[in-house]
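Order-wise, the sequence lines are chains P and U.
The first sequence begins at 0 in numbering that gives the first Met the number 0 and counts up one residue at a time.
The second sequence begins at 0 in numbering that gives the first Met the number 0 and counts up one residue at a time.
Source of the hints: derived by calculation from the structure; they are not laboratory data.
Since the structure is predicted, the reported quantities are computational estimates derived from the model, not experimental observations.
Please note that a few of the clues may not be correct.
Partner residues aside, some chain P positions facing chain U, computed with beta carbon under 7 Å [as the list claims (entries may be wrong)]:
no., residue
1, Ile102
2, Leu202
3, Lys217
4, Gly290
5, Ala291
6, Leu292
7, Thr293
8, Glu303
9, Tyr304
10, Val365
11, Asp366
12, Ala541
All residues carry an ideal CB built from backbone N, CA and C; glycine is no exception.
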Amino acid sequence: MTDEIARTLQEKFGDAVTPVDGFRGETSFTVDADRIKAVSRFLAERRDNAFDLLEDICGVDYPDREKRFETVYHLYSLRGKKRIRLRVPLNADHPVLPSVAGIWKAADWFEREAFDQYGIRFQGHPNLRRILNHEAFVGHPLRKDYPITRRHKLAAPTNFGWEEPAEARTGDGEFTVLNIGPAHPTMHGTLRILARLQGETILQAIPEIGYLHRGFEKTAEQLTYQQVIPLTDRLNYVSAMMNNVGYAMAVEKLLDLAIPKRGQYIRVIICELSRIIDHLVCIAANLVDLGALTPYWYCFRDREYVYDLLEALCGARLTTSYTRIGSHAHDLPEGWVERCRQVIRERIPRSIDEVEKLITHNRIFVDRTQGVGGISAQEALNFGFTGPCLRACGIPFDLRAAEPYYDYDKFDFDIPVGNNGDTYDRYLVRMEEMRQSLRIVEQALDGLPEGPHKAADRRVVLPEKERVYTRFGALVGHTKLILDGILPPPGQVYTATEAANGVLGFYIVSDGTKHPYRIKVRPPCFAIYQALARLTEGNMLADLIAIVGSLNIIAGELDR
Amino acid sequence: MFQNVLVWTVQNVLFPLAVPVFLLMGVPVAVWLERRGAAFIQDRVGPNRVTLFGFRNAGLLQPIADALKLLVKEDFIPARADKFLYFLAPACAMIPALLTFAVIPFGDTLQLGGHSIRLQVADLNVGLLFIFAVASLGVYGIVLGGWASDNKYTLMGGLRSSAQMISYEISMGLSIIGILILFESIRLNEIVRMQGELLFGFLPCWGIVVQPLGFLLFFVAALAETNRIPFDLPEAEAEIVAGYHLEYSSFKFSMFFMAEYVNMLVASGLMVSLFLGGWQFPGLSTETLISLLSLSWLGVSLAWLGPVLTACFQVGVFVAKIWFMMWLFVWLRWTLPRFRYDQLMALGWRVLLPLALLNLMITAVVFVIMVQWGVH
Numbered sequence: 000m001t002d003e004i005a006r007t008l009q010e011k012f013g014d015a016v017t018p019v020d021g022f023r024g025e026t027s028f029t030v031d032a033d034r035i036k037a038v039s040r041f042l043a044e045r046r047d048n049a050f051d052l053l054e055d056i057c058g059v060d061y062p063d064r065e066k067r068f069e070t071v072y073h074l075y076s077l078r079g080k081k082r083i084r085l086r087v088p089l090n091a092d093h094p095v096l097p098s099v100a101g102i103w104k105a106a107d108w109f110e111r112e113a114f115d116q117y118g119i120r121f122q123g124h125p126n127l128r129r130i131l132n133h134e135a136f137v138g139h140p141l142r143k144d145y146p147i148t149r150r151h152k153l154a155a156p157t158n159f160g161w162e163e164p165a166e167a168r169t170g171d172g173e174f175t176v177l178n179i180g181p182a183h184p185t186m187h188g189t190l191r192i193l194a195r196l197q198g199e200t201i202l203q204a205i206p207e208i209g210y211l212h213r214g215f216e217k218t219a220e221q222l223t224y225q226q227v228i229p230l231t232d233r234l235n236y237v238s239a240m241m242n243n244v245g246y247a248m249a250v251e252k253l254l255d256l257a258i259p260k261r262g263q264y265i266r267v268i269i270c271e272l273s274r275i276i277d278h279l280v281c282i283a284a285n286l287v288d289l290g291a292l293t294p295y296w297y298c299f300r301d302r303e304y305v306y307d308l309l310e311a312l313c314g315a316r317l318t319t320s321y322t323r324i325g326s327h328a329h330d331l332p333e334g335w336v337e338r339c340r341q342v343i344r345e346r347i348p349r350s351i352d353e354v355e356k357l358i359t360h361n362r363i364f365v366d367r368t369q370g371v372g373g374i375s376a377q378e379a380l381n382f383g384f385t386g387p388c389l390r391a392c393g394i395p396f397d398l399r400a401a402e403p404y405y406d407y408d409k410f411d412f413d414i415p416v417g418n419n420g421d422t423y424d425r426y427l428v429r430m431e432e433m434r435q436s437l438r439i440v441e442q443a444l445d446g447l448p449e450g451p452h453k454a455a456d457r458r459v460v461l462p463e464k465e466r467v468y469t470r471f472g473a474l475v476g477h478t479k480l481i482l483d484g485i486l487p488p489p490g491q492v493y494t495a496t497e498a499a500n501g502v503l504g505f506y507i508v509s510d511g512t513k514h515p516y517r518i519k520v521r522p523p524c525f526a527i528y529q530a531l532a533r534l535t536e537g538n539m540l541a542d543l544i545a546i547v548g549s550l551n552i553i554a555g556e557l558d559r
Numbered sequence: 000m001f002q003n004v005l006v007w008t009v010q011n012v013l014f015p016l017a018v019p020v021f022l023l024m025g026v027p028v029a030v031w032l033e034r035r036g037a038a039f040i041q042d043r044v045g046p047n048r049v050t051l052f053g054f055r056n057a058g059l060l061q062p063i064a065d066a067l068k069l070l071v072k073e074d075f076i077p078a079r080a081d082k083f084l085y086f087l088a089p090a091c092a093m094i095p096a097l098l099t100f101a102v103i104p105f106g107d108t109l110q111l112g113g114h115s116i117r118l119q120v121a122d123l124n125v126g127l128l129f130i131f132a133v134a135s136l137g138v139y140g141i142v143l144g145g146w147a148s149d150n151k152y153t154l155m156g157g158l159r160s161s162a163q164m165i166s167y168e169i170s171m172g173l174s175i176i177g178i179l180i181l182f183e184s185i186r187l188n189e190i191v192r193m194q195g196e197l198l199f200g201f202l203p204c205w206g207i208v209v210q211p212l213g214f215l216l217f218f219v220a221a222l223a224e225t226n227r228i229p230f231d232l233p234e235a236e237a238e239i240v241a242g243y244h245l246e247y248s249s250f251k252f253s254m255f256f257m258a259e260y261v262n263m264l265v266a267s268g269l270m271v272s273l274f275l276g277g278w279q280f281p282g283l284s285t286e287t288l289i290s291l292l293s294l295s296w297l298g299v300s301l302a303w304l305g306p307v308l309t310a311c312f313q314v315g316v317f318v319a320k321i322w323f324m325m326w327l328f329v330w331l332r333w334t335l336p337r338f339r340y341d342q343l344m345a346l347g348w349r350v351l352l353p354l355a356l357l358n359l360m361i362t363a364v365v366f367v368i369m370v371q372w373g374v375h
C-alpha cells in the first residue's frame, strides 16, 4: 500500500511530494507548503482507504536548516490500517501554510498548538489563538532559541471579549455569561469553560485549556531518554503506566529493540489494569456529577486493590515510572500473579456489577444521559475522536485489534461499540471495556512466559546489580549508560498505543545525541475536547456537566 | 389555682420553647444519621473519631464538632451583596421550618388530675392549612439567599429552587385532600386519633393503608420541598457548586444547613401524622397504655404515673417513626442520581399533578359510595 500511495501522490502532485526513506518502516513524504491542502484533501477523500483520521499535527524546529520549521502531519486510515506522515518545511521568516481545518475538524486545536509553540501560521484557520500558553505570553516556547527559564505573567484571565449586553435583562437578546472553572467541583482537573446561557440553555460553550501546561515537551528536550520516563507518569495520571509503556515503546522502536515475551506480557497486564482504573475513575466522577454519590465509593474501593498491586510492583500508586527503555524497573514480585488473579476475579467484577445494578437501568440516569451529547460517527472521526468516545458512536476502531502490539492479536477479547455516541453509550462502552480488560488480564496471566523481562542489549539496558558489583565490565557499562545515556540513531518514529482514552501517540525525533530532539505527545482527549462546543450547543447546563464527565478529559494529558 | 397556672405555662410557654429546641437538637442527630448512613451504604465507616473522655461514641459527637467549627469560622459577606436580604435569607429559611411543627401532635392529650395538657404546641382549627401556608414561606429564604449573594451560581440555585418548590407544593397539597376526605377533619390531632381505629378488625386505619397513592405522592413532593436527592438541583454541587448557600459561611450557613434538616424533620413529622398513625402504636390504645403503664399490677398506686408514662411512650413511638422516615430520606439520597431541571418540572406538572387529581377523584367517589352504603 505504501508504494501505491507513493505512486498516486507522485502522479498527481509531481515534485511537490517527495517520499522520505522509510526509517523503521514508516511512510513519510515531504510536501511543499502551498500544496499541503490539496494533498490532504486528496488523501482524506480517496475512494479506497481514505485517511479519515487526522492523528496529529505538530511543529519541529531545525534552526540549522535553511527551512527552519517543519510542520508534521500524521494521518491514519482506518480501513487500510495504514499511517503516513507528511512533513512540510517552512522558512524561518515566513512560516505560513494553509490550514487543513476545513478537511479535518481535528486540525483546529492541533494547528493552534503549533502556532502557539512555534509561531507557524495557518491561513484560513477559524480561530488562530494561543491554546496552551496564556494570551499574555510573548514568544514561542518550543523554538530552540527560547530559553526554558523565561516566564511571562498573566494579569487577568481571558473572557474572549464576551461582555454581557447592557440590556441583559430584557428582550430576547438576553443571555448570561457563566464562567465554569478552573476551580469547580465538576471540572475534573483544571478545565475552564465559558458558557453563554439563556436561562438554563447553553447558547455557546467554549473551553479554555492550558491551566496544567507544565512544558513536558520542552523539558524532555533537556533530559535524557531515561529521565523522561517519570515525566510520562504525569501525563494521564489516572492510568500512569500506560504512558510509561507508550513512551518506552516509542523509544524502543527508535532503537529497533525488541523486548522479550515476558516483558511484553507484563506490559499488557499493567496496561489493562491501568485501563480498568481509568474507566473506574471516569465512570465514578461522571456519576458523582449526576448526583449518584454512592457508585463513586464502590469504584474507588476496588481501585484501591489495583493500587495495592501497582504499589507492590513498583513502589508507587500513581507515579509509577515502571518501564525502562528495553526493560522494566523490576520483574513481578513473588505472589503478585496470584494476588492479581484474586483482584480481577473477585474484587473488580463485584464493583462493576454493583454499579451496573444501581445505575444502568435507573430511570433517572437514563433520562439524564440518553440522547445527551450525541455525535455521529462521521463527525466524531472527523474531530479526531478515538477510544471509547469513538466506539460509542459505532466505529469499532481499537489499535489493539487494528495494529496489534505485544501479542494482543493472540488474546481473545471483544470490542464494545455503541449506537448513538451519546453519554449513555459512552458509559456503557466503558463498563463493558472493563469486563473485556479483565478477560485480557486473565489470559495474559495464564500465558505469562518465564524468562527475562529485559532485552539483552548492553547499550540500552542496565546490567544486573550483582554483575555491576562484581564484574568490571558491567560496572563500566553501567556508568557509561548513566552518564552518557542511551544514544539512538538519528531518525524519527511515531508509535501509538490504545490508551484508556484513545490513541496515545508519541512522535520522537532523534539527532543521535542522548537528548531527544523533539518529543510530541498526541493526547487522545485533546482531539475529543475540541468538540465540546459542538456537543453542548442547545443543551442545558446540567447536560454540559454530564457530557464533560463522560468524555474523560484528563488535564494532565490534555495540557501536558 | 397554682395547678391552672402550671398547666397554662406548660402548654403555652414550655412547649412552644421546647419543641423548636428539640427540633434543633434533632439536627445533629440527623447529620449523624446522614453521615453514618451514607458511609454504611457506601461500604465505609464514616466519622468515628471525635472522642469525649476517650470514648468515640460511634461518631455522635461529630456533628457537635462540626457545629463548633462552623461557629468559629470567618463570617464574610460578599462585597456587593445586598446586605439586608443577605442577612434576612437564613432567618427566612429557618423560621418557617421551625414554625410548621407547631400543629403536629406528638402524643395524645395528657389527662392529669382534671387538667388536660395537649401534646401539641397549637391546636389551630385550620390545622393542615397552617402547615402549607407557613412552609411556602420557606421558599423565600432560598430565593433571597440566591439573589442577595451577587453570584450567578447562587442566582441559578435560587431560581431553580423557587420553580421547583412552587411546582411541587401543588401536588403536595392535592395529595393530602384524600386524607382530609376520609378522615373528615383538617385538624391533625383528630386525624391522628382516628388512625387508631381498626379496619376489618385487624388493620390499623393508618393513612398509608387507606391512601397508599397519596402517601407516595406526598413523599415524592416532600423530597422536592426539602431539596433532597433526587430533587436537590438547587444545591447540586457538581453543577452550581452548592447553589444558593454558596456565598454563606459560619453561622448563616449553619442556619441554612439546619433549616434543611429541620424541614426534613417537619416533613417526616407530617408524613408520620397523616399516613403512619402519628403517635399511635397499633393495638395499644391510650386507655390500654394508661392501665398498663400505671404499674398497678405491680402494686404501685400513683395516679399520675400511668398517664405520664403513656405520654412518654407515645412520644417515643412518634419519634421512632420520624427517624424511620428520616432514614428513608437518607437512603434515597445516597442511592439515586438527580434530575435535570426540565425533567424535574415535567415530573411535577405532568406526572404528580394528574396522579394527585386522580387520587382525589377516586377517593371522593369511593367515599360517597361508602357513605351511601352506610359503611363509614
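Structure-based check of each hint:
Checking Ile102 of chain P against chain U: minimum C-beta separation of about 36 Å lies over 7 Å; hint violated. Of the supplied interface hints, the one on Leu202 of chain P is violated, with its beta-carbon coming no nearer than about 15 Å to a beta-carbon of chain U, more than 7 Å. For Lys217 of chain P, the suggested interface contact is broken, since its CB lies about 34 Å from the closest CB of chain U, more than 7 Å. Given the 7 Å rule on beta carbons, the hint for Gly290 of chain P holds: about 3 Å separates it from the nearest Cβ of chain U.
Given hint, Ala291 of chain P at the interface with chain U, holds; its Cβ is 4 Å from that chain's nearest Cβ, closer than 7 Å. Look at Leu292 of chain P: its Cβ gets to within about 6 Å of chain U, closer than 7 Å, so that hint holds up. With its C-beta approaching chain U no nearer than about 5 Å, Thr293 of chain P sits inside the 7 Å limit, and its interface hint holds. The interface hint given for Glu303 of chain P is broken, as the beta carbon of that residue sits about 11 Å from the closest beta carbon of chain U, more than 7 Å.
For Tyr304 of chain P, the suggested interface contact is broken, since its CB lies about 13 Å from the closest CB of chain U, more than 7 Å. A hinted interface residue such as Val365 of chain P counts as satisfied when its beta carbon comes closer than 7 Å to some beta carbon of chain U; here the least separation is about 10 Å, so the hint is violated. About 5 Å separates the beta-carbon of Asp366 of chain P from the nearest beta-carbon of chain U, less than 7 Å, and the hint is met. At a threshold of 7 Å, the smallest CB-CB gap from Ala541 of chain P to chain U is about 4 Å, leaving the interface hint in force.
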